[in-house]
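Engineer: Chains A and B supply the protein sequences, listed in that same order.
All residue numbers in the first sequence are consecutive under numbering that gives the first Met the number 0, ending with 180.
All residue numbers in the second sequence are consecutive under numbering that gives the first Met the number 0, ending with 180.
Bear in mind the hints are in silico, worked out from the structure with no lab data behind them.
Keep in mind it's a predicted model, so treat the numbers as computed, not measured.
Please note that the accuracy of each hint is not assured.
One copy or two, either will do: identical chains are not told apart, so a pair holds if it fits within one copy or between any two.
Claimed, not checked - Keeping only pairs whose Cα atoms sit at most 30 Å apart, straight-line, the calculated DSSO-like set for lysine-lysine is:
1) K12 x K61
2) K61 x K117
3) K3 x K117
4) K95 x K12
Number of protein chains: 2
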Amino acid sequence: MLAKNVFLRAQEKTIAYFEQAGIVLSNEEQQMIEVADFGLNELEIQGLELITYINNDYYCAKELVLFPNQTCPEHKHPQIGELQGKTETFRCRFGKVYLYVEGLKTKKIQATVPTSSKNYYTVFNEIELNPGEQFTIPPNTLHWFQAGDDGAIVSEFSTTSRDEYDIFTDPRIKRVPEVSE
Amino acid sequence: MLAKNVFLRAQEKTIAYFEQAGIVLSNEEQQMIEVADFGLNELEIQGLELITYINNDYYCAKELVLFPNQTCPEHKHPQIGELQGKTETFRCRFGKVYLYVEGLKTKKIQATVPTSSKNYYTVFNEIELNPGEQFTIPPNTLHWFQAGDDGAIVSEFSTTSRDEYDIFTDPRIKRVPEVSE
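Just need the whole structure built from these sequences, with the hints factored in.
Structural biologist: Take a look at the structure:
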């Protein structure tokens, strides 16, 4: 469970990232910034901050923030019944992101695999995204991503998000965030 | 047909708007900026500039630029065969946009209806969008929009774009852009 002070500090930092990049959020949206530590209790190492602009039956748009060298752990978006898994386009807006997907292992990857979860990172096909660059991840494809030294802001355009169905390689991970009082 | 010098000047202005707002486009994307005068030959009054980041079978993401007081003429996105019309979310990133949709007429609208096409603007339910504000337009709904005095940048998140099927109220309008040499 994410301690409330950790959560609030992360929200404030996220707002500062958006301001720095000239991305305007309404006051209501600022309150709704999600902070996910995936139940691993090391937010600055493995974690993700995000705001969802719209998530309807057809499409979804989010803005993701990663603090310096912060990593979103490896996962995939599976098919749910007759619904195809999520397809998502990551567009780097600020900073730098190292994205890893299934495929040929990049010989010398630039990210650092989080030590505490080393065994749960299994795909190493590296795509480096700088501002103005983007990549589309097909459904049901394992992926993880890490920010560079200055953090990163990533716009995510996708089919409908159903985060509760995401499958993480690390079996300890719970996606749905909980905050303790 | 849009004269090549008008087209190139509009592309350059659009790039300057993006730069001003801290929105980074790749060099390739800068070359692909669309300039639409809708065949009306008064680009600064009725026109639209845009870049499409992604348009696949599921979703679409674009960035729209409107010059000061520039208007995107009234149109709707109809059903095509079994495909539902486009649903689209407009999110204001910079400047101000007056959006008009079907519904109760706003008593005193803030935009100025373009004189040359006066009869082809028929919906006047006003939604003012400032940075951080957004609105989702249902399929098959007439709408038009105009920037305020400083121009505007609008992120559009939507279902698949099929611009060639758009229905404009003004029968003189051709959506697909042509540029003369």
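Engineer: Each of the hints needs a verdict: does it hold here or not?
Structural biologist: Here's how the hints hold up against the structure:
Taking CA atoms no more than 30 Å apart as the test, K12 paired with K61 passes in both settings, with 17 Å inside one copy and 28 Å between copies. Proximity of K61 and K117 under a CA criterion of 30 Å is satisfied intra-copy only: 28 Å inside one chain copy versus 38 Å between copies. In the homo-oligomer, the alpha carbons of K3 and K117 lie at most 30 Å apart inside one protomer (27 Å), although the nearest pairing across protomers, at 56 Å, exceeds that limit. Within a single copy, K95 and K12 get their C-alpha atoms as close as 17 Å, and across copies as close as 27 Å, so both meet the 30 Å cut-off.
Checked against the numbered hints given earlier, this structure breaks none of them.
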